[in-house]
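Number of protein chains: 2
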Amino acid sequence: MSKIITVAFGDGIGPEIMDSTLKIVNASGINLKINTIEVGKKIYEKGFNSGLMPSAWESLNESKIILKAPITTPQGGGYKSLNVTLRKKLGLYSNVRPVNSFHPFVHCNFPKMDVVIIRENEEDLYAGIEYRQTEQTFECLKLVTKKGCEKIVRFAFEYAIANSRKKVTCFSKDNIMKMTDGLFHKTFDEIAKEYPQIATDHYIIDIGCARLAAKPEIFDVIVTMNLYGDIISDIAAEISGSVGLAGSANIGDKFAMFEAIHGSAPDIANKNIANPTGLIQASVMMLNHLNESATANLIRNALYKTIEEGNHTPDIYNQNISRKQVGTQEFAEAVIKNLGKNPEKLPVANFKNNSSIKNEFLNSDKSNNSIEISNKKLIGFDLYIDWHKNFSDLLNLLKSLESQKFELKMISAKGLLLFPLLDINNMPEYNGDLTSLRFVGKGICGKSSSDIINPDILVNHHEIIDFIKYLCDKNFDFVKYEGLYLFDNKVAFTSGQGE
Amino acid sequence: MSKIITVAFGDGIGPEIMDSTLKIVNASGINLKINTIEVGKKIYEKGFNSGLMPSAWESLNESKIILKAPITTPQGGGYKSLNVTLRKKLGLYSNVRPVNSFHPFVHCNFPKMDVVIIRENEEDLYAGIEYRQTEQTFECLKLVTKKGCEKIVRFAFEYAIANSRKKVTCFSKDNIMKMTDGLFHKTFDEIAKEYPQIATDHYIIDIGCARLAAKPEIFDVIVTMNLYGDIISDIAAEISGSVGLAGSANIGDKFAMFEAIHGSAPDIANKNIANPTGLIQASVMMLNHLNESATANLIRNALYKTIEEGNHTPDIYNQNISRKQVGTQEFAEAVIKNLGKNPEKLPVANFKNNSSIKNEFLNSDKSNNSIEISNKKLIGFDLYIDWHKNFSDLLNLLKSLESQKFELKMISAKGLLLFPLLDINNMPEYNGDLTSLRFVGKGICGKSSSDIINPDILVNHHEIIDFIKYLCDKNFDFVKYEGLYLFDNKVAFTSGQGE
Chain A
1 MSKIITVAFG DGIGPEIMDS TLKIVNASGI NLKINTIEVG KKIYEKGFNS GLMPSAWESL
61 NESKIILKAP ITTPQGGGYK SLNVTLRKKL GLYSNVRPVN SFHPFVHCNF PKMDVVIIRE
121 NEEDLYAGIE YRQTEQTFEC LKLVTKKGCE KIVRFAFEYA IANSRKKVTC FSKDNIMKMT
181 DGLFHKTFDE IAKEYPQIAT DHYIIDIGCA RLAAKPEIFD VIVTMNLYGD IISDIAAEIS
241 GSVGLAGSAN IGDKFAMFEA IHGSAPDIAN KNIANPTGLI QASVMMLNHL NESATANLIR
301 NALYKTIEEG NHTPDIYNQN ISRKQVGTQE FAEAVIKNLG KNPEKLPVAN FKNNSSIKNE
361 FLNSDKSNNS IEISNKKLIG FDLYIDWHKN FSDLLNLLKS LESQKFELKM ISAKGLLLFP
421 LLDINNMPEY NGDLTSLRFV GKGICGKSSS DIINPDILVN HHEIIDFIKY LCDKNFDFVK
481 YEGLYLFDNK VAFTSGQGE
Chain B
1 MSKIITVAFG DGIGPEIMDS TLKIVNASGI NLKINTIEVG KKIYEKGFNS GLMPSAWESL
61 NESKIILKAP ITTPQGGGYK SLNVTLRKKL GLYSNVRPVN SFHPFVHCNF PKMDVVIIRE
121 NEEDLYAGIE YRQTEQTFEC LKLVTKKGCE KIVRFAFEYA IANSRKKVTC FSKDNIMKMT
181 DGLFHKTFDE IAKEYPQIAT DHYIIDIGCA RLAAKPEIFD VIVTMNLYGD IISDIAAEIS
241 GSVGLAGSAN IGDKFAMFEA IHGSAPDIAN KNIANPTGLI QASVMMLNHL NESATANLIR
301 NALYKTIEEG NHTPDIYNQN ISRKQVGTQE FAEAVIKNLG KNPEKLPVAN FKNNSSIKNE
361 FLNSDKSNNS IEISNKKLIG FDLYIDWHKN FSDLLNLLKS LESQKFELKM ISAKGLLLFP
421 LLDINNMPEY NGDLTSLRFV GKGICGKSSS DIINPDILVN HHEIIDFIKY LCDKNFDFVK
481 YEGLYLFDNK VAFTSGQGE
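As given, the protein sequences belong to chains A and B, one line each in that order. Residue numbers for the first sequence follow my numbering, beginning at 1 and rising by one. Residue numbers for the second sequence follow my numbering, beginning at 1 and rising by one.
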């Protein structure tokens, strides 16, 4: 039975590079059933604001695999990113982007660069949850889950093993974001223990980006969170010499999407000058994912051989290096002619079946072993208010409150402690607007809210609501509430800067 | 009357590079009163977990200016970053980091690189406000204010003018974070109109980082948000050839702090091999800030002359380029000997008084003109619950609720829409845990929560509390509440992915 794939020709240079890619795939002798769907500009303009018609899901549900050319999102409001929609709807939690130098056949400052970036694709700030709640303050939620961290980190290690990689590096900013990025880093350290054959290290994201930009050859596989991964993927591609040469995979438990990393470049469309290499690389990743490694090797080797021969599209053509400037179609024909040949200097592909990670392992005992449910205990809450008078009015009003149950432990604004202050002469500037009031059940905490002296005192939702109702009667304009919890008797919230 | 500065010698190589820097400053003939404070490792170990003794604030309150050598934060929990504490407590909202090539005297891949990065220093994710509220989910708040954006963007333009720069580039990620990063970008576009003599452009952060890493010479002044600024500052410094050569300023309305950009490097401390250039550059920025531009020029020119002469500390020593390898002290002596001389190839400093931005402009009419208070209207709320049963149980329970006032408009998880779905066959995977319920006052919205059909219906806090109390009776375990507002009748919250 032939395998089925869904194919989207996209916009701009999309159709021509997809045409070239499919010609090469067909010439390789593999028998694939190809379902074509329409996506992108035309569909947006028909009023489908995700760039996708509902009928596309039928094809996707059948094939589970999509090879996608770049698309153009029209300017103007209301359009949702097709890629974000696909990633989230199909659960494509892992973005895999190998970037390597083609030295000496394509100019690159880093001849030994050969890095694979594995980016978490569903969480972090990219959930796009935002609120404005005061005149001044806008908020975006950064959400990170244990499961999300575990899946992507395990994916990175499994990828390293399946692809004979030696090292996995973690990038995070856990010196600042101790809970969210801290979770990512801690998960990395824990899962690393299960893979003693793989070397590991960790960089703070700013230093990591700097090292990647200056010395990419020191990295092998990098695993990181969504935003950071977005940034470092682009750095890696750019310094490799050309964004036209890399493909990427977006992989989930059930679905997978493969694409070139570049955009639709409408300015050079229909001129037969676009470089199809990125999409051809994506098709090689797809064939591996389909367990068609022999075909993947055949195409990858022919592609590298063609680049080695110096048949170069204008984006990588260089008088001193290239042999001949060719068009999109001629490039594809050269690749087809080279099917069966191996590159001489560039590495020969030697993928084996099952070298693509399909994540069955995620549903295995391996990952479930580690799940222990914590004991969660409610001890209080932060109430964020919109305050327009001065600080002493606020403090006086708060001090006049009467409660059997709750005590005020902290006032802060944008994370900066305003009460209680160690040194009253060093009151930070306070301009009102969004202000956080921390109330904790009486007797639970000592001096500060992070100093738990009696974790056995209970607080319940009804007590909290009654107290907030009382605050409301006093005309507090609350805009936001965050519960304060202990997990396994450990504090699960941050202190104010200066507490 | 001599001007006063506070000086901190720091840890590791701190004392020796500070000693060299102060010798040069003294030799320049300027009369400064120097107050020394102790910060860093020793102070942390004495139990002050911000790395600073309360007495240090007295000196800072007197001088308003601190020149700080790098410090070492001891390993282990509980220590707060001294830099973050100083930035927040002193309101140092602007980080200024000029990075340039010293080609051909120090090896650099980018001979024409000359970029100044202006980073917002107080807001964004670095407020460090985090919560864990379910077994799975950890949250960090990204907070951005109108005032914060206005201040840093205006600072960048004023800096450009005062320092004869031609272009200011904005970096943000507003294709994803339309409200928070959108505010930054919009503020940039608005303020740019007041400075028609300065060219402007904008990059999405991932592409911007990639361009900076590959072609830094295309940038002049870059202004960006806290996290992005942290990342690009490090990229710029690293690709310039040495992190030992740059200084930085942290500037607020009342205080300012100047430092080298590198760390305390304890492994090379007390060996007379550290490069004091970064801290000397910081002292030049400080002198400018003090309106002592003549002295700033004198020192900067002597410093560049010394580098040009090939007197190089080991970090930048290169057999083919350098003339002589020198120690920390010898380097400082060479700079002192060169006071009065100008570099021949490297640019001659020509700072004028008031070229450092002291932000009086921020309290001027110019920035206050733009403040218009919006009309804020409460229309509903998102209630985040911790849900452990399946989705249909949740939906059934929600459908059984009775309310005269509120209607359920959306259920989502991590930003992904679960209800109402356009196509019920495409239900995303749902595993419980943190789930958001959106309730809006009846009759306010049409089909979706972003479709406002009657903005005149009012909702008040008491109605919301009564309704949440009712939900609480039904055993909803709520962990988080976010109010939903209209500002000037415009929706001030995001929709779910797929809504």
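Heads up, some of the hints might be wrong.
Treat identical chains as interchangeable: a pair holds within one or across any two.
Quick list of in silico lysine-lysine cross-link-like pairs, BS3-like style, CA-CA up to 27 Å [said to hold, decoys possible]:
hint : residue 1 : residue 2
1    : 167       : 178
2    : 405       : 474
3    : 469       : 442
4    : 377       : 469
5    : 337       : 271
6    : 405       : 469
7    : 254       : 389
8    : 254       : 147
9    : 474       : 193
10   : 33        : 112
11   : 324       : 345
12   : 324       : 147
13   : 399       : 469
14   : 447       : 80
15   : 376       : 389
16   : 376       : 474
17   : 490       : 64
18   : 376       : 147
19   : 112       : 215
20   : 469       : 376
21   : 271       : 41
22   : 33        : 166
23   : 3         : 345
24   : 166       : 80
Worth flagging that the hints you see were computed from the coordinates, not collected in a lab. Just so it is clear, the structure is predicted and the values come from calculations on it, not from any experiment.
Okay, the hints, checked on the actual structure:
no.	hint	in the structure
1	167 <-> 178	within (24 Å within a copy, 36 Å between copies)
2	405 <-> 474	both (17 Å within a copy, 23 Å between copies)
3	469 <-> 442	both (18 Å within a copy, 22 Å between copies)
4	377 <-> 469	both (22 Å within a copy, 19 Å between copies)
5	337 <-> 271	within (23 Å within a copy, 63 Å between copies)
6	405 <-> 469	both (14 Å within a copy, 18 Å between copies)
7	254 <-> 389	between (54 Å within a copy, 23 Å between copies)
8	254 <-> 147	within (17 Å within a copy, 46 Å between copies)
9	474 <-> 193	neither (54 Å within a copy, 44 Å between copies)
10	33 <-> 112	neither (38 Å within a copy, 53 Å between copies)
11	324 <-> 345	within (19 Å within a copy, 41 Å between copies)
12	324 <-> 147	neither (50 Å within a copy, 56 Å between copies)
13	399 <-> 469	both (17 Å within a copy, 26 Å between copies)
14	447 <-> 80	between (48 Å within a copy, 18 Å between copies)
15	376 <-> 389	between (37 Å within a copy, 17 Å between copies)
16	376 <-> 474	between (31 Å within a copy, 20 Å between copies)
17	490 <-> 64	neither (42 Å within a copy, 40 Å between copies)
18	376 <-> 147	within (17 Å within a copy, 38 Å between copies)
19	112 <-> 215	both (10 Å within a copy, 20 Å between copies)
20	469 <-> 376	both (25 Å within a copy, 21 Å between copies)
21	271 <-> 41	within (19 Å within a copy, 63 Å between copies)
22	33 <-> 166	neither (36 Å within a copy, 56 Å between copies)
23	3 <-> 345	neither (33 Å within a copy, 65 Å between copies)
24	166 <-> 80	neither (39 Å within a copy, 35 Å between copies)
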